[in-house]
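Colleague: For reference, the chains in residue letters:
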Amino acid sequence: MLSFWDRRAEFVSLTLMAFIAACGGGGGGASGDSASGGSAEGTMAAVVDESTAATITGAVAFSGAPVEAKAIDMSEESVCADKYSMPPMTQRVVVNDNGTLRNVFIYVKEGLGDLTFPTPSEPVVLDQDGCRYHPHVFGVQVGQDITIKNSDGVLHNINSKPSENRGFNISQPVVMETTRSFRTPEIGIPLECDVHGWMQAYVSVVEHPYFAVTGEDGSFSLTPLPPGTYVIEAWHDVYGTATQEVTVGENEEAEIAFTFGDAAA
Amino acid sequence: MNWLPPALSTYAADIDRIFYVILVITGIIFVAVEVTLIVFMIKYRGREGRKAYYIEGNTKAEVIWTVTPAIIVLALAFASQDVWSRLKNPDRFPSDALTFSVEAKQFEWNFTYPGIDGVLGNGDDFTIRNQLHLPVGQPVVVHTSSIDVIHSFFIPVFRIKQDIVPGMVIPVWFEATETGEFELACAELCGLGHYRMRARVFVHSQEDFASWMAEQS
Amino acid sequence: MATVEAVAGQMAHAHHDDRSFLRRYIFSTDHKMIGIQFLFACLFFLLVGGLLAMLIRWQVAFPGKPLPFGGIFPETMAPNGIILPEFYNALVTMHGTFMIFFAIMPLLVGVYANYLIPLKLGAPDMAFPRLNMMSFWLFVSSGIIMLASFFVEGGPSAAGWTVYAPLSAVPEYSGVSAGQQLWIVSIVFFAASSLLGSVNYITTVINMRAPGMTLFRMPLSIWSLFITAILALLAVPILAGALVMLLFDQTIGTTFFLPEHGGQPLLWQHLFWFFGHPEVYILILPAMGMVSDIIANGSRKPIFGYHSMVFAIAGIAFLGWIVWGHHMFQSGMNPLLGTSFMVSTMAIAVPTAIKVCNWLATMWRGNIQFHTPMLNATAFVAMFTVGGLSGIFMASNSLDIFIHDTYFIVAHIHYVLFGGSLFAIFAAIYFWYPKMFGRMMNETWGKVHFALTFVFYNLVFFPMHIIGIGGHMRRIYDPTQYTFMQPMQPMNRFITISAFLLFVSQIPFVINFFWSLFKGKKAEINPWRDNGLEWTVPSPPAHGNFEITPTVYRGPYEFSSPEVDEDFLPQTTPLNGDRRTAPEQVPGD
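Residue numbers (my numbering), protein chains in the order written: chain A, 35 to 299; chain B, 2 to 218; chain C, 2 to 590.
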């Protein structure tokens, strides 16, 4: 015959076990920050009327004394060093031959109102080749996949340091690809490799597809935009941000200009 | 026997000597114990109708095998003491040493050199990632620090190892006896890149080192 | 407080065992069933630890090669089967954690302290049977929480089983957040389990010995478990306290172990190793005690120097409190401490040497029976000697400058924990299995298991001394990244292949263990012709153990006594001239 204490102990033990089992079952959370899909967020997708769409173009000029790029000593990583016939140079301030500034991120900051845009299913590719990030500065839409490739086959880790988003720090010890994405708009998220301290990239996350990065001619073009008034922001990792307000009518092409550099404000 | 890496610092041979002394002593004890064990297993294997020798102990034996190990180990302790103090006590570091510093971080070593004026902290200091350059035949003191987690400064051929603790600046010293290129490894688990937190150690001739230093400044 | 007489009176009801299935096998307060529950749980965790080791060795030998079956791992751990460096760090951490906390320690203490203490002392059960049951279920909870940490975001702890701060305290440094917190919670549960156990073991040994069972008639297995319980009682709370501090650093912004605001990373190491060193003696002393019992039995001869053996156990336990700094010689603590810790560490070799000499002297002029338990116990002596001698190298603070954090340390750890503790556990399992389950394990397969394990174990761990002396560091995901380690890679591959074979060699043991539960030869009451009290009751014993409280007349090692013809003489067999020391016991109410 079970005594009073036996019964009580049994009840308590069973309850405890059930509780612990429930905790164990419920506690197993998601196993890592996996990439989200490329489908639309479910709200009404914007339809931009191509017949009335406008364009904003421009260029980013550089003013002031040229900043000398330094050679990067990659001798400690022969796999990467061997990929270069001339020593690779630092990329913080790259001035084009025509006096414009490369690697400036331009995007529409305000003016799109309540329009929403589907998340592209195509990923953006970030490649680590020759112990450098390609591209150095790039943009993605919220939720869009970033496919990170290691083309070197030596250990790289991609350490993201966002302030608004949840970051990640993943390693790629061999030639491989990993996919990640960001869920919150944020400009200029640094990406670093802790193994190769000279490696640096910046990703900006926006809710719409109207962004660009200045290339070899320093120019950018944002299109097809609905007619209206926009605030366009330019971002550079050394020189910070600058904004311009511009109004475009139907089928109009407006041109704006930014200037960054030591002499600029 | 060349299990050990080459001994290329002024105190490496002292460390190795301690290893060999302990190896010989423990080797003798090892052979004695294992041979005794095997001999006993064979000689005293069970036989039908026999009993073992009924004895509960022997005080004299106990004393012998208490005192003998005590003497051996205490001798070993005293024998190692001076080497330890010479290597790790900052008061006994060579006074004529060059001074560098290294800042460890996940996952690289940033060495700061004093420049041609030979003094750290002046304007001509320069920092190089993952390369330790030093002249042969000259003591060097490296002030180690970390900006994140515990790392450990390990140069096998010099036989030096020192954990690097964030919040502390811990000096190490060594004097290379041969020129060449060697390796520095991190010897304390510090994260995903720990296994690859490697620096190259370049021991130059004194002239080459001087010209290297002038070039870099 | 239950006296022996009152409890004995209770136990006269032993044959009225009307417990339900749930109370008899699941929520049992019977120390024997709890011991067996621990045994099954721990064998499972031993398997987990072994599998983790196989993954580690695969990566070390074949860096970057995808695991066979690698597809079962999520992309955050091993994409396409290629183990990531952060997962590797988690593997080495969890291998150490599972083996130390969930396999070796509970196999020695949770199983054998529980099973043997009341039986060998003539008691019907532990002093606090309900606390005992709680101790087991706390242990199970702890294990479940630790397993759960594999499934959270960021994965399980990856800072080493030693969990050094700041790596363990700051999620940005290790990539692990919830996993480390679960690790801490799990070990705090474990600490609670351990403390309840210690309270039981100590109280039972002091208060519940049968009449005539003086302290110096207790077998060495009980002495070692008793002293281990005291060590655990004192050391484990320190770990628990330090873990709470670490949890606070992780979660609520304290900086006990972080250099900001005056915290000290070295404080973690002092606290951890102040626990950690007594912990390793917890991991070896019960093994030594049980090996003593088995060697005396196998040699058919009294243990040589029983009193010295007791004092050696106490000496090891005592000295174990003042050596913790030898784990920290290179840590950056004041070098002067390096000297004091070296002296105490060297000193602890002495009681260990005494024990090895006494085991050898026990076998000297014995009449040795090489049953499987004896084979494993003898292997313990041989292998623990190697592990103990390798400890002398690292006890020298200057030589430790070179060998700290190399595979030489890994070799030492595994010689004492596997070559030592695990062989002793195998010996104990084979030895007490008949009493636990009423059946014999198959002796031939036991010997096959022993031979294979012994050979492959040495092939795995002896070469680690060699690569350690070569400077090969620990916890290294890919040794080929260093030029000086590349020549050692063939040896790493050799170690890995041997490790796979060692793992596979455990299959005969597992099959033998489970098959024998149902089909093993039925065990007699005293198949090993041993003197302990457990061998005077049926195999397995009834609930309550002894129908009548036994009276003890002599020590536990009267083998080959001239007083009788047989080569053994149980502790409770009265001979002419023996005075019964207990009053007449009348069975029944």
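Each hint should be verified, as a subset may be incorrect.
When the alpha-carbon atoms are kept at most 30 Å apart in a straight line, the in silico DSS-like pairs for lysine-lysine are as follows [said to hold, decoys possible]: (1) C:Lys520 x C:Lys448; (2) B:Lys106 x A:Lys117; (3) B:Lys106 x A:Lys183; (4) A:Lys117 x A:Lys183; (5) A:Lys117 x A:Lys104; (6) C:Lys523 x C:Lys448; (7) B:Lys44 x B:Lys61; (8) C:Lys448 x B:Lys44; (9) A:Lys195 x A:Lys143; (10) B:Lys52 x C:Lys448; (11) A:Lys183 x A:Lys195; (12) A:Lys195 x A:Lys104; (13) B:Lys106 x C:Lys448; (14) B:Lys52 x C:Lys520; (15) B:Lys44 x A:Lys195; (16) A:Lys195 x A:Lys117; (17) A:Lys183 x C:Lys523; (18) A:Lys104 x A:Lys183; (19) A:Lys104 x B:Lys61; (20) C:Lys66 x B:Lys52; (21) A:Lys117 x C:Lys448; (22) C:Lys522 x C:Lys448.
Think of the hints as simulated: they come from the structure by calculation, not from any bench. Quantities reported herein were computed from a predicted structural model and do not represent experimental measurements.
Colleague: So which hints don't hold here, by number, going up?
Modeller: 13, 14, 15, 17, 19, 20 and 21
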